[in-house]
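2 protein chains.
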Amino acid sequence: MSLIVQKFGGTSVADFERIRSVAKRVAKSFDQGNDVVVILSAMAGVTDSLLHMANQVAVSPDKRELDVLLATGEQTTAALLAMTLQSMSYPAKSILGYQAEIITNRNHGSARIVKIGANRIKELIKKRNIVVVAGFQGCDTEGNITTLGRGGSDTSAVAIAAAIKADTCEIFTDVDGIYTADPNICKKARKLSAISYDEMLEMSGLGAKVLQIRSVEFAKKYNVSVHVRSSFSEEEGTMVVNEDSNMESLVVSGITHNKDAARITLKKVPDQPGIAAKIFSPISNAKILVDMIIQNTRAGGLTDLTFTVSKNDFRKAMEIENRVAKEIGAEKVFGDENIAKVSVTGVGMRSHSGVASKMFTTLSNENINILMISTSEIRISCIIEEKYTELAVQVLHKAFGLDKD
Amino acid sequence: MSLIVQKFGGTSVADFERIRSVAKRVAKSFDQGNDVVVILSAMAGVTDSLLHMANQVAVSPDKRELDVLLATGEQTTAALLAMTLQSMSYPAKSILGYQAEIITNRNHGSARIVKIGANRIKELIKKRNIVVVAGFQGCDTEGNITTLGRGGSDTSAVAIAAAIKADTCEIFTDVDGIYTADPNICKKARKLSAISYDEMLEMSGLGAKVLQIRSVEFAKKYNVSVHVRSSFSEEEGTMVVNEDSNMESLVVSGITHNKDAARITLKKVPDQPGIAAKIFSPISNAKILVDMIIQNTRAGGLTDLTFTVSKNDFRKAMEIENRVAKEIGAEKVFGDENIAKVSVTGVGMRSHSGVASKMFTTLSNENINILMISTSEIRISCIIEEKYTELAVQVLHKAFGLDKD
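Those sequence lines, one after another, are chains A and B.
If you read the first sequence in our numbering, its first letter stands for residue 1, the second for the next number, and so on.
If you read the second sequence in our numbering, its first letter stands for residue 1001, the second for the next number, and so on.
None of these hints come from the bench; they were simulated from the model.
There could be a bad hint or two in this list.
Unchecked claim - Distance condition first, Cα-Cα at most 27 Å in a straight line; then the derived DSSO-like pairs of lysine-lysine:
| id | chain 1 | residue 1 | chain 2 | residue 2 |
| --- | --- | --- | --- | --- |
| 1 | B | K1398 | B | K1187 |
| 2 | A | K63 | B | K1028 |
| 3 | A | K358 | A | K404 |
| 4 | A | K24 | B | K1063 |
| 5 | B | K1063 | A | K126 |
Chain A with its partners taken away, still in its complex shape (with noise of 0.2 Å):
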């Protein structure tokens, strides 16, 4: 008999069907004696339809009214699941995220969670009841509503889990599970049965969107199990723990790749203190995020500066930057889009040499062009052109010994 956080995402929801097929799992788990959290997205579609809503009365809504009606999204599913279980004689209740305390900053539409009350949660698992808790939303200290930003529903789930000592917290998704690749890309990727934390964040981060990243920091530092699974089978997914748990002892766990991302140049910058600021301060205030920056220094007092951003933003920030250029006296801004990033990653490097190395020999031999480095302890990227990115992962996969037997 456990104490049990379960997830569904919004294609675990989608339709009134997929709900009932939900409420049979969350029953299932129940009948087996365990007592159930349940937390749940909006409708897959929905927040994009109440965003379009929003857009149809103000060009920029204002955000506190925005979470407010963002929030009706998970309190619809919330409602219909507890609907649900309770026409099939389960005591099911929904709490909303105010309900459950859920207290957060007031960064409206992306808000931190600073607090879990969740003494009404606890009350009603003592008495026996499966609590839905609609994901995604919170309060400040004020009570005025907050959302979590896309994927926020991840991290309700494992805050929830900490806050009620939960054994264990289940993110039911479209997928099965995380891989050593995209099997879309790579027939021979399988499927892990764990990844750490530290792993975890950096693919999160690499665009393997099975997880909010947040979650897996919250996950991390209250040490929660996350087991990623899917939400059409009954197979086990993949857990996310701890390093020092009973983990398959590989160097590098997976190859991840971002085609989102484009590259600009400025060339001979003059080389002065404060230079950097004049480039990205304009970029930071346009709310476009910096991926990787390198500067390469040339003779004469004069360096040249690449950046990378998602391609969403290349054009703004073409023009920001042809702007800048004018402004510090650099040569050229050079752009292309036409690029993308593969990265390898794993706890085993850390003990591991060679990772690197045998990485970049290993694209070297498919004649892949090495255009951007970047690293951190447990991860390397390349930045590659574009066309390249399936064979990169493929030969990448083969190189670290990841392939299926």
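Following the hints, position chain B against chain A.
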């Protein structure tokens, strides 16, 4: 400079364009220096589609959960209107039922307001905000969401007006006021500039579906001036006020009719103690509302008993009474769906005699047979054959001097 509550119904916020019209109307009052609290219903049709959703997942949806679901309708319009006002540079804030501290009993689906804190609303007004309150909803003392039943936003508006001591409560709707009769069937009907709470109570209950009856009870109890007016024109509507206010001195202020009536007669019922309970308990257990009841004594310890129900409940009520008739030994059960109720209402009846006889004579002059009669202190209602409804309204309207000049 006044403190004004403005309530807009579902048709007034049915789409984005109408929401913008509402915003302009609210802004205008605000610009005139008034403090404005807005109460909104859900967009027309939304409550019905939410009910339909609920029926997709459960045959008889849990009432607590249904309230959680239905409350999203008003949450949506409140957020959208606040956004719209913000985008027009007005300081607007949406407030949900629990945030407005609209405390109700636990009677989910038709909860009654017990108390309104309204501190939050008062604070926001003090800071010169336009406060947009989601109507129709409240919460019980444990914070569970409740709803006030069909038309509940009227009650929200009047109750909030009472709680914040508003100078007036404007109810914007799709009619432009209260008429002396339904203008669709009585060409000479005219708009009343004022009507008393008591008359409005009688008329709300009689099919003039302009205000939820409970909102009028509230208005009477707390002496709230209610102004019923059109959201589509600037014209003054009808004030619902205390009897002693400046009102036109009419004996009869309106002729109402209701075709939603059907009649059931049990013939030759043995007239024994407890017989009425045997006849009406099963009806009330089936949640069928009985309107009028008449009992005629016959010779030989027998009696005829006639009552009316709404047409929707007719078939069910007939089934029940056919069963009951056998049990209690009544001779026969007759049913008639082709009836209607016509009423004359006016506080003037309290001091003027002869209203009843004038009504009966007027109907009789047209050869309209009166099947049943019921009266209150300020109302007389007759059940007639349905086909005479329009004629009856027209001749009564003329007879009581209500025709336009």
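_To test your reading of the hints: which numbers does this structure violate?_
Violated hints: none; all satisfied.
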